[in-house]
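Asker: Sequence:
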Amino acid sequence: AFRPQLCCMLFRRSHICVLVFVLLNPFHLLKGQHPLQVATQQFANHPNLKGAQISIAVIDEDNNELVAEYRAKEMLAPASSLKVLTTASALIALGENFRYKTRLEYTGTIAPGGILQGDLYLTGFGDPTLGSSEWEAVPDLDAVLKTWAEAVKRAGIRQIEGRVIADAGYFSGDEPIPASWEASDVGKYYGAGVWGLNLHENLFYRPFRQKKYGQTPGVAPLEPTVEGLRLVNQVRSAGSSSGDNAYIYGGPYEFEREVKGSIPSGSGIFRIKGSIPDAPLFAAQALSTCLKEEGVGVLKAPTVVWSAPAGKTLLHQMESPALPAIVRRANLKSVNLYCEALLKTIAKQEKGQGTRAMGIQAIAAIWAARGVDLSTAQLIDGCGLSRSNKISAYLLASVLRKSLKDPQSGTAMRQSLPVAGLSGTLETRMKGTYAEGRLAAKTGSLKGVRSYTGLVRSRSGQNLVFSIIVNDYQCSGSALRQQMEKWMVALASS
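So in this note's numbering, the last one in the sequence shown is 495, and the numbering has no gaps at all.
Please keep in mind that the hints were generated in silico from the structure rather than gathered at the bench.
Keep in mind that a hint or two might mislead.
What the hints assert, rightly or not - The calculated BS3-like cross-link candidates involving lysine-lysine, where the alpha carbons are at most 25 Å apart (straight line), are: (1) K406 to K432; (2) K102 to K448; (3) K51 to K102; (4) K51 to K189; (5) K349 to K102; (6) K448 to K487; (7) K74 to K349; (8) K352 to K102.
Since the structure is predicted, the reported quantities are computational estimates derived from the model, not experimental observations.
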């Protein structure tokens with residue numbers, strides 16, 4: 002016989018069982034959703050990422066729809082993905098025609114016999130590319146110094162009664178590096194400070210003469226010479242394929258530094274790169290030395306000022322490459338110095354003060370005007386080296402999307418990002434997959450931090466922008482990278 006009470010009870014029990022299954026099943030939200038949401042949830046639930054903090058956002062570039070996400074608005078350390086924010090902001094604030102300039106000037110008069118009764122000034126405006134040995138698009142250090150020396154001689158100057166003075170005041174009132182940068186970073190080239198006058202990307206090379214395993218490698222002279230810098234060598238020789246594991250300890254204005262760690266064993270020359278302690282002073286010293294070598298006497302020692310007299314006479318002006326080229330190198334090669342200079346340059350342009358704090362305020366205003374609220378983010382620097390930076394994948398993806406739509410920044414940003422399998426920090430990655438040549442992304446990496454922020458036209462024809470950030474993972478960095486690349490290939494293939 003039909004028993005309505007029992008039927009009703011069974012009906013309720015069956016629904017309860019279904020509800021329990023749905024709540025306990027980690028993939029319960031995926032049914033009927035975008036395949037990318039499935040791939041995203043599977044990535045987040047991978048055993049390698051147990052206990053990790055994750056933020057993922059995938060946005061349709063054309064209609065701003067959030068296609069897939071995982072804790073998209075969670076604030077995490079982005080590492081070098083933060084460069085997307087800084088470079089896009091610079092293109093909007095400064096314009097694609099912007100070029101840095103550096104002036105060679107003098108005070109006083111040139112007396113008979115070619116005697117300059119005054120001082121020679123190097124006046125900086127923040128150019129981070131000046132005299133780079135790492136970028137073939139600009140004259141290197143020797144070429145820059147010789148150009149300046151020739152300009153002095155063309156003016157008829159044969160002796161300077163004063164001195165060579167570096168005017169570093171364009172970014173005055175701010176420390177060269179943020180306080181939160183780690184001690185193991187600031188002595189290396191990628192932790193170099195930024196000043197109103199920069200030269201040779203504010204880095205030097207320490208050549209080592211390689212030795213057998215376990216031995217102390219020999220040292221060769223610094224390239225270029227940095228007057229007063231003393232490096233105490235505590236480096237050992239490790240396995241022949243161990244790579245550069247040497248660290249230079251010492252920050253801005255610290256001229257006695259320790260070099261610890263290891264370099265590969267071998268029989269050749271192995272060079273590591275360090276940060277110059279005082280870039281403006283280095284520039285003044287280098288020019289003073291070059292002038293003497295070129296037959297121009299300089300009677301007094303070089304120095305640095307933060308405020309210079311007006312009314313100087315211009316001898317020569319150098320210009321950097323146009324801003325899109327600087328942005329391209331900053332993102333392709335992940336050059337911290339360029340982004341720190343851009344942050345302070347934005348500050349000078351928008352706020353009248355070349356400080357990081359003013360730059361961060363200016364960047365927030367730029368994006369607030371474009372509908373992206375950065376008030377929940379914590380920004381410390383322009384390059385992402387500080388672990389105290391906190392921003393979400395959603396904000397980074399939103400900034401990138403807006404920048405691609407903006408006529409001031411769109412083309413340059415698209416062309417600046419490393420392309421999977423082809424260029425920059427992704428040159429060797431994702432080769433032979435659908436992502437190769439189609440996906441472009443800024444990479445980010447610190448200890449315990451991995452990120453990618455970029456764009457792709459998917460197999461189905463969607464133009465997607467994305468950001469994926471992982472903090473505090475316990476697996477190896479290579480294992481995580483493989484998982485993140487697998488997710489990006491799924492993104493491209495969708």
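Asker: Check the hint pairing K102 with K448 against an upper bound of 25 Å on the C-alpha distance.
Answerer: 36 Å, violated
Asker: Are the Cα positions of K349 and K102 separated by 25 Å at most?
Answerer: 14 Å, holds
Asker: Taking only the CA atoms, is the gap from K448 to K487 under or equal to 25 Å?
Answerer: 21 Å, holds
Asker: Compare the distance between the alpha carbons of K406 and K432 with 25 Å, and conclude whether the hinted pair is satisfied.
Answerer: Given that 25 Å is the threshold and the Cα spacing comes to 29 Å, the pair is violated.
Asker: Straight-line Cα separation of K51 and K102 no greater than 25 Å?
Answerer: 50 Å, violated
Asker: Given the hinted pair K74 and K349, is their Cα-Cα distance within 25 Å?
Answerer: Since the Cα atoms of K74 and K349 sit roughly 30 Å apart, the hinted pair is violated (cutoff 25 Å).
Asker: For a C-alpha distance cap of 25 Å, please report whether K352 and K102 respect it.
Answerer: 19 Å, holds
Asker: Checking one constraint from the list: CA of K51 to CA of K189, max 25 Å. Satisfied?
Answerer: 33 Å, violated
In summary, the numbered hints that this structure violates are 1, 2, 3, 4, 7.
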